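Colleague: Here the structure of chain V is known, so what remains is to put chain C in place on it, guided by the hints.
Residue numbers (this note's numbering), protein chains in the order written: chain V, 1 to 127; chain C, 128 to 254.
Hints were generated in silico from the structure; no laboratory data involved. What you are looking at is a predicted structure, and each value in this text was computed from that prediction instead of being measured. Beta carbons: idealized from backbone N, C-alpha and C, even for Gly.
Derived CB-CB ranges, DEER-like:
id, chain 1, residue 1, chain 2, residue 2, range
1, V, G33, C, H220, 54 to 62 Å
2, C, Q145, V, E85, 22 to 30 Å
3, V, R82, C, A155, 34 to 42 Å
4, C, D213, V, G74, 26 to 34 Å
5, C, E169, V, G59, 38 to 46 Å
6, V, G33, C, T219, 54 to 62 Å
7, V, D79, C, E212, 32 to 40 Å
8, C, T219, V, P46, 41 to 49 Å
9, V, H121, C, R209, 21 to 29 Å
Number of protein chains: 2
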Amino acid sequence: MRGIVLFAHGARDPEWAQPVRRLAGLVAAADAGARIEIAFLEHLQPPLEQAVAKLVQQGIGDVTVVPVFIAEGGHLKQDLPRIVEDIRRTHTHLVIRLAPPIGDSAAVLEAMAAYASAASHGTKSAK
Amino acid sequence: MRGIVLFAHGARDPEWAQPVRRLAGLVAAADAGARIEIAFLEHLQPPLEQAVAKLVQQGIGDVTVVPVFIAEGGHLKQDLPRIVEDIRRTHTHLVIRLAPPIGDSAAVLEAMAAYASAASHGTKSAK
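Only chain V is shown next, with the shape it has when bound in the complex:
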């Protein structure tokens, strides 16, 4: 069993987490071989360390952190690698991988492009 942590920025507004939760549900439904957790950099709970610890407690030895970020700025270039290094020091037997942010995926950008175009036509598919 693999582990996936969907790691998002977070915001003061707790509703901000909703699409991240929906995304976790979609990944869980599509990937029976993975346990899915969500985690946030700021404001919302849990932090990444805690989400990873939860997977480790379930006996999972292989975790991929997927940044649910549009793009790579200081948070992903500096903050995230530092957090992951700390996690590696705590869980020395864990294999932890860091994926590029979702905005790096051509398929994700294509879906966003189709959404933007549909939204400007005012069609139902905009939602």
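Modeller: Just chain C now, with coordinates in the frame of chain V:
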């Protein structure tokens, strides 16, 4: 001719804009009936007012602002409607529409879910 502004958060790191630019290229390629501009809330240029003004100068009377945000927090609930109200006061003949954020789109979330699952398998399609 419609106008679409892809409105993203922005970051101190200028490289942060790259996926937003790629996205603009994809929308432009797929939607010949629209002029595409990008705009940022913070740190990067141009701001939304300026991107909209550029479209208006080209004779475009119908602009859709598409928030390239994972989710709706204070920035989209408070800041963006205020900026759009100011734009409406400046360009009284312009029809300006505000789309829900891209993280509201089921198709976008599905593409993100497929990406997350592929990334945890370490497959090429992760990128």
